[in-house]
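Use the sequences and the hints to build the structure in full.
Taken in sequence, the protein lines are chains A and B. Just so we're aligned, residue 1 is where the first sequence starts under the numbering used here, counting upward by one. Just so we're aligned, residue 436 is where the second sequence starts under the numbering used here, counting upward by one.
It cannot be assumed that every hint is accurate.
Facing chain B, from chain A, some residues (calculated, C-beta under 10 Å) [unchecked claim]:
{"no.": "1", "residue": "E272"}
{"no.": "2", "residue": "T320"}
{"no.": "3", "residue": "G322"}
{"no.": "4", "residue": "L327"}
For the record, the hints were derived by calculation from the structure and aren't laboratory data. The beta carbon of each residue, even a glycine, is placed where N, CA and C say it ideally should be.
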Amino acid sequence: MNRPQNPSRPGKGTQRPSSGRYSVWRLLREGLRKQQGWKRAWAKAEPRARYRVVIVGGGGHGLATAFYLAGAHGISDVAVLERGPIGLGNVGRNTTIVRSNYFNPDNVRFYEFSLKLWEGLERQLNFNTMVSQRGTLNLFHTEAQRDLFTRRANQMRLLGVDAEPLSREAVRKLVPMVDLDNGRYPVLGGFLQPRGGTVRHDAVAWGYARAASEAGVDIVEHCEVTGIGIAGSRVTGVQTPRGFIRADTVCLAVAGHSSHLAAMAGLRLPIESHVLQAFVTEGIKPVIDVVLTYGAGHFYVSQSDKGGLVFGGAIDGYNTYGQRGTLPMAEEVAAAAMTLLPGLARLRVLRQWGGVMDMTMDGSPIISQTPIEGLILNGGWCYGGFKAIPAGGFTTAHLIAHGAPHPLAFHLDLARFAEGRTVDERGIGPFPYLH
Amino acid sequence: MLRIPCPWCGERDEAEFRYRGDASRPRPAAEAEIDEFVDFVYRRDNPRGWHLEWWLHVGGCRRLLKVVRHTVTHEIREVGSAEEPLRLPEEVDCG
Chain A
1 MNRPQNPSRP
11 GKGTQRPSSG
21 RYSVWRLLRE
31 GLRKQQGWKR
41 AWAKAEPRAR
51 YRVVIVGGGG
61 HGLATAFYLA
71 GAHGISDVAV
81 LERGPIGLGN
91 VGRNTTIVRS
101 NYFNPDNVRF
111 YEFSLKLWEG
121 LERQLNFNTM
131 VSQRGTLNLF
141 HTEAQRDLFT
151 RRANQMRLLG
161 VDAEPLSREA
171 VRKLVPMVDL
181 DNGRYPVLGG
191 FLQPRGGTVR
201 HDAVAWGYAR
211 AASEAGVDIV
221 EHCEVTGIGI
231 AGSRVTGVQT
241 PRGFIRADTV
251 CLAVAGHSSH
261 LAAMAGLRLP
271 IESHVLQAFV
281 TEGIKPVIDV
291 VLTYGAGHFY
301 VSQSDKGGLV
311 FGGAIDGYNT
321 YGQRGTLPMA
331 EEVAAAAMTL
341 LPGLARLRVL
351 RQWGGVMDMT
361 MDGSPIISQT
371 PIEGLILNGG
381 WCYGGFKAIP
391 AGGFTTAHLI
401 AHGAPHPLAF
411 HLDLARFAEG
421 RTVDERGIGP
431 FPYLH
Chain B
436 MLRIPCPWCG
446 ERDEAEFRYR
456 GDASRPRPAA
466 EAEIDEFVDF
476 VYRRDNPRGW
486 HLEWWLHVGG
496 CRRLLKVVRH
506 TVTHEIREVG
516 SAEEPLRLPE
526 EVDCG
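This is the structure in structure tokens:
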């Protein structure tokens with residue numbers, strides 16, 4: 001898992017100057033030298049005609065997969081193809097929350113592994129991703145909900161994950177801004193995962209890109225995949241405006257647009273695309289120092305280091321590829337915010353944006369081989385892609401390197417739908433617009 | 436904000452409706468192969484473009500409608516009853 005000291009094989013013809021090690025001494029030195037010594041963090045690679053592995057999508061999962069392929073499996077003959085620049089997709093559009101407070105044991109183990117990787121990520125990448133384990137707090141408003149959360153907390157603790165039930169008074173102490181006695185859904189208590197928190201999402205993309213690039217991976221920006229080459233039932237490579245790129249393995253890591261890319265290989269996936277919105281307010285002094293989740297509606301909020309409240313709600317509710325949001329959901333999110341935090345009613349929302357999600361038929365992601373030999377799918381991340389980036393990348397790299405699923409991701413295969421093994425955390429059924 | 440022209444009630448706000456997903460495939464016959472059912476229940480075309488979908492007019496006539504809507508522009512091209520054999524427009528690409 002450690003970054004190799006000597007990258008095994010840098011891409012031919014690509015200048016790969018190291019950006020050097022980042023440290024407080026480096027900061028000090030560059031500060032004294034008018035910041036003239038900083039190098040480009042990752043090389044702008046030109047694609048070669050052939051790679052062992054081509055990863056489509058330079059988002060969190062694609063870059064992490066490339067990093068772990070090079071670092072953990074010694075496979076650096078890898079290209080990451082990104083349609084635009086790195087970091088403008090969903091890796092830069094989420095609300096930056098990381099946590100592992102699930103109920104399904106397979107999900108708990110998978111997301112807990114991810115959380116453990118987050119905890120060591122900055123040292124591993126030598127990049128300040130601002131991992132902040134401020135705790136994630138879920139509120140409950142009914143006794144039935146309290147029982148459900150208690151059950152979930154017990155499950156997590158049996159699996160060795162931190163979870164703490166909180167009384168009403170403890171919630172009041174932790175987040176005094178919350179209107180516990182609001183007229184509609186009074187708060188009865190909470191459920192805290194102290195190790196949950198936030199991570200600066202842009203830095204995750206940049207940190208993985210820099211580390212992967214230094215390990216020999218070609219990161220090719222502005223290179224859209226327009227077709228997938230298949231001979232018989234085997235993948236042969238990908239078509240791009242810069243020519244056909246041959247590859248033994250092609251990995252799709254384009255959540256939001258997985259169906260679109262899979263259709264190029266003639267596949268229909270158990271996925272619908274939906275838009276999820278996020279919002280940020282003007283900056284204020286610290287008022288909420290945990291990640292706070294409302295239990296009587298879909299609303300979650302945390303405060304960024306700049307002071308803005310970053311919050312979001314549910315998907316807009318019907319298939320869309322529009323990377324924007326619509327007003328009915330914005331209104332619903334604002335209403336939930338006002339029930340919970342009426343003291344913030346006069347804050348102005350500075351920005352609002354949307355990201356397109358792969359919503360799967362059971363609400364769980366897909367890390368799997370496909371019916372096309374050599375074509376790997378990392379997608380279907382629904383709302384949960386960001387927190388899963390390290391584990392998603394790690395297990396996808398394992399699948400590519402060994403040709404078999406990682407034990408932590410065996411339950412996320414594509415065949416589970418046909419075989420009746422869906423991983424339906426919320427017990428909703430095959431209705432993506434409800435997950 | 437969508438405005439859906441219900442054939443029975445007229446044009447109404449999306450808040451009156453509930454989305455019920457893809458309407459492009461009929462339910463397989465009871466004796467069909469298992470894979471046809473897997474296809475029907477789980478797999479989707481999920482087009483980036485025109486989409487045939489169900490909307491339930493819960494806040495109005497309570498009928499199930501078939502709607503042809505674009506998944507990028509959200510333009511609604513056609514609305515019909517559940518039995519109507521609506522077709523997707525020919526133009527597929529949408530930029």
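Structure-based check of each hint:
1. E272: holds, 5 Å
2. T320: holds, 5 Å
3. G322: holds, 5 Å
4. L327: Interface hint status for L327(A): holds (5 Å vs cutoff 10 Å).
Violated hints: none; the structure is consistent with every hint.
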